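J.: Protein chains in written order, with the numbering used here: chain A, 100 to 517; chain B, 2 to 89; chain C, 3 to 191; chain D, 4 to 1000.
These are calculated hints, taken from the structure and not from any lab test. It cannot be assumed that every hint is accurate.
[Claimed, not checked] 20 Å max Cα-Cα, derived DMTMM-like pairs, lysine to aspartate or glutamate:
#1 K24/C - E268/D
#2 K11/C - E835/D
#3 K367/A - E268/D
#4 K897/D - D41/B
#5 K756/D - E186/C
#6 K264/A - E632/D
#7 K37/B - E500/A
Only a predicted model underlies this, so the values are computations on that prediction, with no experimental measurement involved.
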Amino acid sequence: MTRYSALSVFRHALSGNRTWGRAWRDPDPKPYYDVVIVGGGGHGLATAYYLAKEHGITNVAIVEKGWLGGGNTGRNTTIVRSNYMMPGNTMFYERSMQLWENLSQDLNYNVMISQRGQYNLCHSPGQMDAARRRGNIMRANGIDAELFDRAEVQRRLPYLDYSEKARFPIHGAIYQSRAGTARHDAVAWGFARGADRHGVDILQRREVTGYLFDGGKIVGVQTNRGDIRAGKVALCVAGHSGHLTQMAGLRLPIETHCLQAFVTEPYKPLVDTVISFGAAHFYVSQSDKGGLVLGGDLDMYNSYAQRGGLPVVEHTLASAKALMPCVSRLKLLRHWAGVMDMSMDGSPFITRTPVEGLYLNGGWNYGGFKATPASGWCFAWTIAKDEPHEDNAEFTLDRFERGYQIDEKGVGPQTNAH
Amino acid sequence: MIRINCPVCGLRNETEFTYGADATVSRPAMDENEMKPWLDYVFNRTNPRGWHKEYWHHVQGCRQWLVLERNTLTHEIGACELAREVTE
Amino acid sequence: MAEVLSPLKSKCVAGHHGASEKSGLKMGTRALSGLWQIAGWDDFESAAQPVLSSLGLKDGGTFRIAQHADGATAWRIAPDRILIETADPNLENAPELMKLDLSHARSVITLEGPSSRDLLSQLVAIDVTPMAFKPGEFFQTGIHHVGVLIHCLNSDRFDILVPGTWASSVWEALYENALPHGVETLEVA
Amino acid sequence: MRRLQKGGRIDRSKPLNVSFEGDKLPAFQGDTLASAMLAAGVSLAGRSFKYHRPRGIYSAGVEEPGALVHLREDDRHEPNVRATTAEAFDGLTATAQNAWPSLTFDVGAVNNWFSPFLSAGFYYKTFVGPFKHSTKFWMMCETFIRRAAGMGRAKYLADPDSYEKRNAFCDVLVIGGGAAGLSAALAAGRAGAQVILVEQDFELGGAILSDPAESESDQWLTKVRTELENMDNVRILIRTTAFGAYDGDTYGLIERVCDHVKAPENHQVRQRYWLVHARRAVMATGAIERPLVFGSNDKPGVMLAGSARTYLNRFAVLAGQNVIVTTNNNSAYSVAADLARSGATVTVADLRAQVSACVQQIATDAGATVLVGHGVLEAKGGRKVAAAEVVPVDSSGRATGNGKTLKADLIAVSGGWAPAVHLWSQRFQKPVYKEEGACFVPLQDDGHTLRSAGISNAASDLEDVISQGFALGTQSAGETGADGDIGLCPEAFTTGPFWQQGMSPVWAVFNTNGSPQGKAFVDFQHDVKISDVDQAHLEGYISVEHLKRYTTTGMATDQGKLSNVNALARMAELRRQSIPEVGTTTFRPPFTPVSMGSIVGQEHGRHFRPTRLSPIHQWHQENGALMTEAGAWMRPWYYPQTGEGLQDAYVREAAHVREHVGMIDVSTLGKIAVQGPDAAEFLNRIYVNGWKTLAVGRLRYGAMLREDGFVMDDGATARLGENDYFMSTTTANAAKVLAFAEHLLQTAWKDLKVHVTTVTDQWAAIAVAGPKSRALLTEVTGTDLSRETVPNNHFTHAEIGGVGVRIHRMSYSGELAYEVYIPAGYGRHVWETLYTAGSPFELRPYGTEAMGALRIEKGHIAGPEIEGRTTLRDLGLEGFASSKKPFVGSILCKRPVLEEASRPILVGLEIEGATGAKAGSILFPNVGETKGHGDGWVSSTTYSPALGKNIALGLLKNGKFRAGETIRVVNFVGNETLRAKVVSPHFFDPEGERQNG
């Protein structure tokens, strides 16, 4: 396995880039693994990586129905941040942030963590108060946060609409300087390469169709290309969690919804940070290639179709122009959608399940990408030790029964409102 | 653009409606005292891939709640009834 | 008695706006003579009949076609609700029927002119071509995210019933979109 | 390159002023910017994305990867405009982009020298930097990368133009105005269907426009177009792109209304966004020619063969004098022949081993030379093509011997054609691969309402194109019920070799050793070379999605219209699989990039969202109120006197209410009529407290929960009549509560005879509060409002200024107070009547900030406390909940965590010192660390004029038992720590003597 560096790039270039080795193997499955991870997205790959690296469990397979990183890992708006307020979330996302900050070095793969900062704009005194509470919780937990007034936001982001015409005036913003973006595909590839290096088998184009049971315990998976036995089966299939737990007879507090993302044509640097609009569900950043990456609201109805509807296209672009009037003459290049688990309180699950041998990582709502490293790290811990780490202790399925809803928005049990 | 055939107003764009909730779960009776049926009603979902029954509210029309059959994989639309006329 | 103040009063100042030398539209408002909702339950239609009859209305119309009589118009807005415009403030009482005064809850934006259907098609996601939307017909839909009732009076004349607190904003949406057609705003009569 | 003296479809009588990089170009009406550039001999049009290599004009259409320019200036500046689709207009100015300091000397071109180190994925392997736990090194590198990347430069200026949206309905939407689309529209139109025909070009005709003018095809076009133009039921939209096919048979179109003039005039819109609901759609979108891969195949002077013919026949521009036409199919023979006939020296290098004699003859008859079994190995020259190295090749494109260098200023390439299946693929699924023609086509399924005809459906010849179009038009119209006489299919016209007849699937030319010569590009705009595809394969990025993302092929502004199949073909070859086994990526909307402004239409600025105004709004504005947003509403925040800021104003206003009397516009409260024989039962279910005993003439405070047991809303409800209740909700939750009530009544509680109707618009409401409120209202109404006649929580009817109103006696401020409900149209009149009559009582208006101060003094909860995560108990409301009846949320509110004794509950805080606390501060014990989530938070704060100190409401763990304790109030983001004493939230008049007085 080549160690990547500027030197290796130089060396390979001299030989015409014809001597590179595979980033990961394409192995045949073994009959038995200690852990079979279902889903080769960022979370599954990260789980495998940390199982091997942190817990020495290397007899692990990832079973992916398509190609690794082909789901939401490669369809999101690439934002990373750790500005969560609710106990149960705050330190989990901060762990993720800390892992992000060293991820390129750890994986020897540049996942392009760009800590260009993120602004959450506020448009009323009430929103400023809510932002202050969030910022204060972050700071009390050792996470960076700053609250800016209108003048400071205008000084920093002069291209937003501060005119009389703005329907929702900007009152200020909460800012996290360590937040930013990461190159989403690279995250999947980097974890895949890292896991592979530790001996994890990545089995692509193999779809799980059912489970192998021994009594009530799950002891493996059935796939469209044969059975694989396993000590533990771990689901990392956000978007399809309900479908895969249904096969084990489990209903979840999850619905699958469709979230669209948008990219414009590439332009020279225009927006050098991440901006979230507080008056509507909208956020924007600019990729290194130059495309403005826009995100909006859910399509609102349950959907497994990886394509979105026009109302949200209209809504998102209107939000973009309301926030940044200069985008009007810029052009939308492409829009697509990902399907995701929307949970009843907007927060995830990293947990054992009532079915013995089955472990669940899902319910990521909008927040899956930024959670990737910590999700893998905590899930690996949970699988290895059969108990949660304190950072994912609240991400259990029984929290609804107990009344412990981790509801960052305070909107209640309505999946499409989170 | 999903188009819904409201039994009162006719075929309309989804923008006139709001999506409500899964219509396959029914609300327990008012005097239900057990916790479990309420937990199931409020939180747990079958979340099917394929045909689904769901509540939509025609907020910019007749303000009726509708039960719509819709395919979550293809976004095909099936029957649509007034919720009040649905018999379980 | 004081005068009823229309939320559109400040908008309705006589003048020509937008594209010069074009006058595709006239926009104005009119006062509602009185607006009532009657609502009932199982046997709504027969419960409503005495009220309708007393106003000279044959019935409550259909979900698509308004029922009109001298001084009264009825719109069947839901299976068990009818909206009635009438100057008569003392509607008949009927058992199993609830009356609700909404005379101040709606404003009317009047629209007429050769471009009125074009303008509607800019804001309404419904087929408003003459074949599809005929005089006497109405529908409830959204304009600029606000629920409205649009009533076709004749080939190029429409009444738009708008919730009063949104009326100013809906007016502005219509007005901005009307500028390319050339628009004449009419003074409140 | 030169403009021919005659021919073409340009209007030589209408010369236009057009400039590129400051140089004037000879242009005519009917030109595109690209044709004018070619006519002027401009070969260098732009720079590529990564290596900043010189790029010329490669195509004549939407697939253009190279000639991307800045168009127009100042606030109408537009980056990344394809010169090939920009219609020439008088006053057009264009400049080059992605080049610094100039197009001809571009510093970024240094990347080209380093290209071996910038191969696929190099950035994933480098720039990590030596420092652990730091992203600084990468971010430094990123700054430079970002500056070099991007294409055009956008400006921060607001767009001066306007846009509009139009909804349209039709039976048959025909997408594409070429032979197939025209035939389809004709059939559907004759049948009597409502038809919309869209064409992205500024002329109908499609590929016919590339035939010599006045040929047989023109006569066909004129005849069909004329008939269509005379049909009332056919709407023809030119300059209109169908960019997306969406659910519900909805199609998005963009009509470029004014992009072909310097600026829109007289309120014209720049672009129009059509949302078309079409019962059937015919996709007649034609095909896009495919490039061939060889060394330096990106050099200016290399052009798609069909495009060279378009420039010749449509724009009368001969794009080269010495032309190599290289092809793997017959279509390029028409190109060779037309170019040769126009005076160029033409050599055809045909990659195929065998080419039929009659096809060869087409070229040779016109004077061209044909080399069968030959391909171009490399384009030679500096900034543009000067020669081509032509080699004999085998069936896989590998050179079999030495080549010869031919002088050339144009290399016209044809790698076959790819049907434009984008719209179909967006809507349905991946297209299917058709071996014959080696291309992806839509799956023909009669269940689909969008179907394709003509070349986009890989029609075999022209007759097939026309008959497919006509048949599908007929069928589509028939399915919508249009059954008029369609007559006969218009006769086909003769044309040259048809698109990719005879195609041999070879797309690249290699050296004898199997490697490409120099840099051979797959994706021109993103500089993806065939060696990058090879490397991706080597490293295991072998799925099409990995390939695309790792090499970025197909991700440029042309979205792979040119690169897609060649990259797939190379990967298939490397994987020793067929192209369909390797698969294709999914096409996503839009088909071509669309301006964001067009989709937004008029919904921007103030009209981004509608605004809701109280019936009294104008008065507030006229009287100097500062307004604030409250959801969709605008509300008076405070009424500043000269020189006053927010703080001074609200303290004055609040103090005034406690001392005299004030009034506030509360028309924004949600108001719901609850009517029917079961109304009381309904209220009993939806509120936590009991309603069965409320008498007519009285009102009662109520709180309601969500289904999960958390507090949802609160407000007072009055019983107006036997079956008639008037519910009020908070401003913020009005719509939510109404929809929830309707849902319960129509789904779960169908047996209840209750109607709920919003009456928010029907009623203006004014709260009159303060010790003098009774005196004022008594005087102005002449009604007995004494404590005995109208005690708290009662209402009465009265008249103010001749208007019948309803006066509710209830208090939010804690003062003696009333809410006056007025029919909305009289709201302002009553407000003004009160204002005038109130003068002797020192009546003053107050805003929401003072209202907040008053309610905080009383410990009344509002939005900051009902924040979706608080329970009745948290808010001190548990006493309201009835234990005798079930209500919404009554079971789930008993879940263990919701009943934990240690939950933060509502407390009052008296802030020590002169500085007030900030809402959102965190509460900590007086000693110890200030870490974690603290003991609670501050929800609402104010300076209390009544108490003369700063106070706050907060939620504090074990708050019930901490009265008197001093705690810390930490506002980390404001760098401020205060101390506060925990007290009862009922700061002021806890016994309620004032409000009950």
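J.: Any hints from earlier that this structure breaks? Give me their numbers in increasing order, please.
T.: Hints 3 and 5 contradicted; others consistent.
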